[in-house]
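Colleague: Working from the sequences, and respecting the hints, build out all of it.
Chains as they are written, first to last, in our numbering: chain A, 1 to 341; chain B, 1 to 157.
For the record, the hints were derived by calculation from the structure and aren't laboratory data. Predicted model, so just to flag it, every value in this text is computed and none were measured. Glycine included, C-beta positions come from ideal geometry on N, C-alpha and C. Careful, some of the hints might be misleading.
Unchecked claim - Listed next, the in silico SDA-like pairs over lysine to any residue satisfying Cα-Cα at most 25 Å (straight line):
(1) A:Lys86 to A:Ala69
(2) B:Lys135 to B:Ile156
(3) A:Lys231 to B:Asn82
(4) A:Lys194 to B:Val46
(5) B:Lys99 to A:Val240
(6) A:Lys123 to B:Ala77
(7) A:Lys338 to B:Gly78
(8) A:Lys228 to B:Asp122
(9) B:Lys32 to B:Thr43
(10) A:Lys113 to A:Ile163
(11) B:Lys150 to A:Gly243
(12) A:Lys290 to A:Ala320
(13) B:Lys99 to A:Gly243
(14) B:Lys99 to A:Asn247
(15) A:Lys231 to B:Gly123
(16) A:Lys231 to B:Leu113
(17) A:Lys338 to B:Gln81
(18) B:Lys150 to A:Val240
(19) A:Lys113 to B:Leu4
(20) A:Lys195 to B:Phe3
(21) A:Lys231 to B:Leu9
(22) A:Lys113 to A:Ala320
(23) A:Lys302 to A:Gly63
(24) A:Lys194 to A:Ala309
(25) A:Lys231 to B:Gly78
(26) A:Lys194 to A:Lys302
(27) A:Lys338 to B:Glu68
(28) A:Lys228 to B:Lys99
(29) A:Lys202 to A:Val334
(30) A:Lys195 to B:Tyr7
(31) A:Lys195 to B:Leu9
(32) A:Lys113 to A:Val334
What the hints assert, rightly or not - Beta-carbon label-pair distances, calculated as ranges:
(33) B:Gly23 to A:Met214: 52 to 58 Å
(34) B:Pro49 to A:Ala233: 36 to 42 Å
(35) B:Ser6 to A:Gly39: 48 to 54 Å
What the hints assert, rightly or not - Stretch by stretch, here's where chain B covers chain A in the computed footprint (C-beta under 8 Å, at least three residues):
(36) 134-141
(37) 212-225
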Amino acid sequence: MTLTLCVLLALPADAKAIELPPTPEEAAQLIPEEPKTFGEGLLELLDKALMKIRPDLADASRGALGVFAVVVLVSLVQSCSETAQKTTDLFGSMCIAVLLIGNTRSFIGLAEKTILELGEYGKLLLPVMTAALAAQGGFTTSSALYIGTSAFNVFLTQLLTNIMLPLVCFFLAGAAANSAIGEDTLKEMKEQLKKGIEWFLKTITTIFLSYLSMTSVISGTADAAALKAAKTAISAAVPVIGGTLSNASESILVGAALVKNAAGIGGIYVILALFLHPFLKIGSHYLILKGTALLCGIFDAKRLSQLIADFTAALGLLLAITGCMCLLHLISMVCFLKGGM
Amino acid sequence: MTFLRSYGLSLICGAMICGILSGMIRDGMYQKQMKLLCGLFLTLTVVKPLVQLELPDLDSLLEPFSQEAESASAEGAGMLQNALAQSIQQETEAYICSKAELLQTNLRVQVHLSNGDPPIPDGVILEGTAAPEVKEAMQEMMENELNIPKEQQQWIG
Numbered sequence: 001m002t003l004t005l006c007v008l009l010a011l012p013a014d015a016k017a018i019e020l021p022p023t024p025e026e027a028a029q030l031i032p033e034e035p036k037t038f039g040e041g042l043l044e045l046l047d048k049a050l051m052k053i054r055p056d057l058a059d060a061s062r063g064a065l066g067v068f069a070v071v072v073l074v075s076l077v078q079s080c081s082e083t084a085q086k087t088t089d090l091f092g093s094m095c096i097a098v099l100l101i102g103n104t105r106s107f108i109g110l111a112e113k114t115i116l117e118l119g120e121y122g123k124l125l126l127p128v129m130t131a132a133l134a135a136q137g138g139f140t141t142s143s144a145l146y147i148g149t150s151a152f153n154v155f156l157t158q159l160l161t162n163i164m165l166p167l168v169c170f171f172l173a174g175a176a177a178n179s180a181i182g183e184d185t186l187k188e189m190k191e192q193l194k195k196g197i198e199w200f201l202k203t204i205t206t207i208f209l210s211y212l213s214m215t216s217v218i219s220g221t222a223d224a225a226a227l228k229a230a231k232t233a234i235s236a237a238v239p240v241i242g243g244t245l246s247n248a249s250e251s252i253l254v255g256a257a258l259v260k261n262a263a264g265i266g267g268i269y270v271i272l273a274l275f276l277h278p279f280l281k282i283g284s285h286y287l288i289l290k291g292t293a294l295l296c297g298i299f300d301a302k303r304l305s306q307l308i309a310d311f312t313a314a315l316g317l318l319l320a321i322t323g324c325m326c327l328l329h330l331i332s333m334v335c336f337l338k339g340g341m
Numbered sequence: 001m002t003f004l005r006s007y008g009l010s011l012i013c014g015a016m017i018c019g020i021l022s023g024m025i026r027d028g029m030y031q032k033q034m035k036l037l038c039g040l041f042l043t044l045t046v047v048k049p050l051v052q053l054e055l056p057d058l059d060s061l062l063e064p065f066s067q068e069a070e071s072a073s074a075e076g077a078g079m080l081q082n083a084l085a086q087s088i089q090q091e092t093e094a095y096i097c098s099k100a101e102l103l104q105t106n107l108r109v110q111v112h113l114s115n116g117d118p119p120i121p122d123g124v125i126l127e128g129t130a131a132p133e134v135k136e137a138m139q140e141m142m143e144n145e146l147n148i149p150k151e152q153q154q155w156i157g
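Modeller: Following this line, the structure appears as structure tokens:
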């Protein structure tokens, strides 16, 4: 931050107009304070986020213990009476669904909130980065990056919150119903739902990456040519000191690049701060539940283990959905940082 | 979302109607014909809304983003233009001052820039007293070295 301040003081007055949008309150707690390097800042951010999820770990462990107890109890009853297998399976499925559905619903809400927050922050950050890149001479690149990233941002926010998250709910409903019925009638449906969500996330990320790569290369060349033409024009228009004036314009571009990098790195910190806590929170529950599913596999309660595995898969999908949204913003930031000159 | 909801609803309704009809004529003589009719009806239910679906025009969808991109990009370009103009003006003024100092004359210089892209010096106002030969040397220098014609050189004092 000190470096940023020094750079800002050394630059022309107009460059100071490039300011990051205000950081959301929750994310502000995680933003690193005066890191010396980018890596150090990332470590500090991760450290703060890990400290913040500690209470959630105890919560997740308690939930997992409850699920494990149900599986042990059902296995115990089934070992005593073989005739009660269907009833105990149904009872166990209901208990596990009740135990896990509350947490999972709150995680779906958390994922939705994170996606919306990332989308809103992206809408504020993108014009700043576009102006910063244009101030560095990347007029065409900045416009193309803005159009692509904004369109994907709006499209993905709508699609993830209105279609993908409800599909995760459908997947969970299908998994619970399949476990309760006891016959694999809904198995195919829930498998296809899961595959569909995974396929969509992979495809959208690939399309976005391809668009950004092509845009950066094509418009980057046009911008470089335009800058070179401008420098030549200055050199040619002023006979003796044209070269000196042209070199001065070079130092302005370097200064603008420093401002843009400072803004971009600040933006990356905020994006990560918005994303990291929810991601780690859902991720820790995912890992604990995955471990529980493995432990429960030891007992002869296949239906219940499958149901726990399905809940784990739903958390995995939530991680992928929020991760996809964060990745979109991080990749676009990197493209803005890389673009120009 | 509204389209998806109504599409899903029509599919479910269509499937239910077909299920009821084929259930009613399970052992009848028209069973095969009924199955065929149900199949055709279901195909229509599936395909018709998709055929009628009007895809939004991509240009009109991207129009607001293009406008925002243009305005943000123009803001940045303006910053660059201003910084560049400021730097060219300062460098040129410093150069003229240093040349005047070499001729042992103290001048206050204000350079005007053109509105073009990139901005180049196209006029100058010089303030201070200078001997006629110094004045002439300076005028020559500005015309030859900075491409500022004599008509655009204004002397005050």
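Colleague: Against each hint, give a clear statement of whether it holds in the structure.
Modeller: Hints and how they fare:
no.	hint	in the structure
1	A:Lys86 to A:Ala69	holds, 19 Å
2	B:Lys135 to B:Ile156	holds, 11 Å
3	A:Lys231 to B:Asn82	holds, 15 Å
4	A:Lys194 to B:Val46	holds, 23 Å
5	B:Lys99 to A:Val240	holds, 13 Å
6	A:Lys123 to B:Ala77	holds, 20 Å
7	A:Lys338 to B:Gly78	holds, 21 Å
8	A:Lys228 to B:Asp122	holds, 22 Å
9	B:Lys32 to B:Thr43	holds, 17 Å
10	A:Lys113 to A:Ile163	holds, 15 Å
11	B:Lys150 to A:Gly243	holds, 23 Å
12	A:Lys290 to A:Ala320	holds, 16 Å
13	B:Lys99 to A:Gly243	holds, 17 Å
14	B:Lys99 to A:Asn247	holds, 20 Å
15	A:Lys231 to B:Gly123	holds, 21 Å
16	A:Lys231 to B:Leu113	holds, 16 Å
17	A:Lys338 to B:Gln81	holds, 21 Å
18	B:Lys150 to A:Val240	holds, 17 Å
19	A:Lys113 to B:Leu4	holds, 23 Å
20	A:Lys195 to B:Phe3	holds, 23 Å
21	A:Lys231 to B:Leu9	violated, 63 Å
22	A:Lys113 to A:Ala320	holds, 15 Å
23	A:Lys302 to A:Gly63	holds, 20 Å
24	A:Lys194 to A:Ala309	holds, 13 Å
25	A:Lys231 to B:Gly78	holds, 17 Å
26	A:Lys194 to A:Lys302	holds, 20 Å
27	A:Lys338 to B:Glu68	holds, 21 Å
28	A:Lys228 to B:Lys99	violated, 29 Å
29	A:Lys202 to A:Val334	holds, 19 Å
30	A:Lys195 to B:Tyr7	holds, 22 Å
31	A:Lys195 to B:Leu9	holds, 23 Å
32	A:Lys113 to A:Val334	holds, 24 Å
33	B:Gly23 to A:Met214: 52 to 58 Å	holds, 55 Å
34	B:Pro49 to A:Ala233: 36 to 42 Å	violated, 58 Å
35	B:Ser6 to A:Gly39: 48 to 54 Å	holds, 52 Å
36	134-141	holds (count 5)
37	212-225	violated (count 0)
The earlier numbered hints that this structure contradicts are 21, 28, 34 and 37.
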